[in-house]
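K.L.:
Residue numbers (the working numbering), protein chains in the order written: chain S, 1 to 313; chain E, 1 to 252.
Any given hint could turn out to be false.
Said to hold, decoys possible - Subject to a maximum C-alpha distance of 27 Å in a straight line, what follows is the list of computed DSS-like cross-link-like pairs (lysine-lysine):
1) S:K202 with E:K109
2) S:K122 with S:K3
3) E:K109 with S:K3
No lab work stands behind these hints, which were simulated from the structure alone.
A quick note: this is a predicted structure, and the numbers were derived from the prediction, not measured.
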Amino acid sequence: MYKFNLWALTLVIVLCVTSLLIGSSSLNFDVASLDLLLISRIPRTAALILAGTSLAVAGVIMQQLARNKFVEPTTTGTVEWATLGMLLMLMFFPQASVFYKLLVACLMSVIGTAIFLLILRKISLRSDFLVPLIGIMYAGVIGAIITFIAYRAELLQSIWVWVQGDFSMILRGRYELLWLAGGLSILAYFTADKLTLAGLGKQVSINLGINYNRVFIWGLILVALITGVSVVNSGVIPFLGLVVPNIVSLLVGDNLRRSLPLVALVGAALVLFCDILARVINYPYEVPIATVMGVVGSCIFLYLLLGNKRYAS
Amino acid sequence: MIQTQQLCLKYGTIEVLKDINLTFKSAGITSIIGPNGAGKSSLLSLVCRLQQPTSGTVTLNGEQISRLKSPDLARQLAVLRQENHIVARLTVEDLVCFGRFPYHQGRPKTADMAKIDSVIDFLDLQPFRLRYINELSGGQRQRAFIAMVLAQDTQYLFLDEPLNNLDMKHSVNIMKRLQQAAQVMHKSIIMVMHDINFAACYSDEIIAMKQGRIIYQDCPQMIMQSQMLENIYDMPLKVIELEGRPLCLYYR
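Based on the sequences and whatever the hints tell you, model everything.
P.N.:
This is the structure:
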């Protein structure tokens, strides 16, 4: 398993360097290039790593809590609720600082995720496919509410642009909140065992002396905060939280203490890769990373579903 | 000693358990038998704090379990439920290691690893040690789960139909191992059993339940009588003696 970590780390480093070197202006050994690096390229690369890492971690936690491999924050209403929070802030307190916007977005996503998980608890028939379907419907309903409100307030375009994952506007001083998401991922690692146990179900957890409800709420807060931070800062990258945990699960299983570092590394690698693709595919213009990730992610996901017989059973 | 006092469980107006007063001894094998819906699994849940009773109390050595700390309790009693639907891909070793969680809190020490090793050996799981549980057969998975709760190394072990999914050979094997654990390590193992003959063969005591009540609590010889069993199960059956042991025939 350390073998996989080492490979993934190497990949992340290679992609980092590539990400730093790519851009419309080339780098030289002068002050202007240094400024470019410090103001734009390094913050962008850091933001990508932080967002990739934390969204992948949020995805895997969400899957443990829902006890289902086909959910992630974009299919459980978490992103939509954070967006709703952002929208309300844009409407009523447009002058509020980013911090307050973040606070409201996070609060809303905590509430929204809690509602989703409560709905799941109420449903006794828990087929593996029902859970993501419920999530998608739920997200759809909240999405419709957002569209309605945003349309009335003439904020439709700005809200979706804000939410869609895009790192082209990341500059020094405009991404630092993402470190918070990175920090939350590290905190998640310290509670990896308990989160894994929560994934084994309430009864197994209680039997082993775990305070299941406390762990559950903790996981929920982690997911919601990471999602909230991403929505407010860089936008959300679809499929990431779905695909990465599933790839890692195939490689090293789901014992989070072992798999979480790899989830983080693969998350970072995938986002860096998609961002590089987004930057070179229509050079010197950029395609939003969310679009690239949507294509790449759905291809990987289909491969996982169809191509891997062992996994399908 | 685990005791229940006037334990009741209601879902709305449906009474699942009515006034259960029981004592589980601290050693030996106890089987709980009874028809479907008699409340056997519910009783196990209440005694193991997986669920809260509507009224009544459960005490462990005189102390109410609702007042004891859950992590401490996890070193005193372990429970394995019937349905263990696990989505996560964990290896047998991971699972058994989690059984030691109440002792190591995520950082297994040498003593924990030794215990994990011995339990895996004890249940013949060595060849499957690094296999993922979702890739095992039903019987192998069931043994892995039993290994997990055995690793918990508790005085009291509650098992809900442990022979589920096991073939004859493995059923006998597991029962012998459990008997060994009860006799050599002086553990108390309380099982919900459907196979009355297995219950009679291995138990020191049988508790019979019907419609949410305890109707008998006695040694196997006393329970294994046609009249008693017909009362419990409401069906015609026959108890014969074979090689000096009672055997219940109910197949036709």
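K.L.:
Can you name, in rising order, the numbers of the hints this structure does not satisfy?
P.N.:
2
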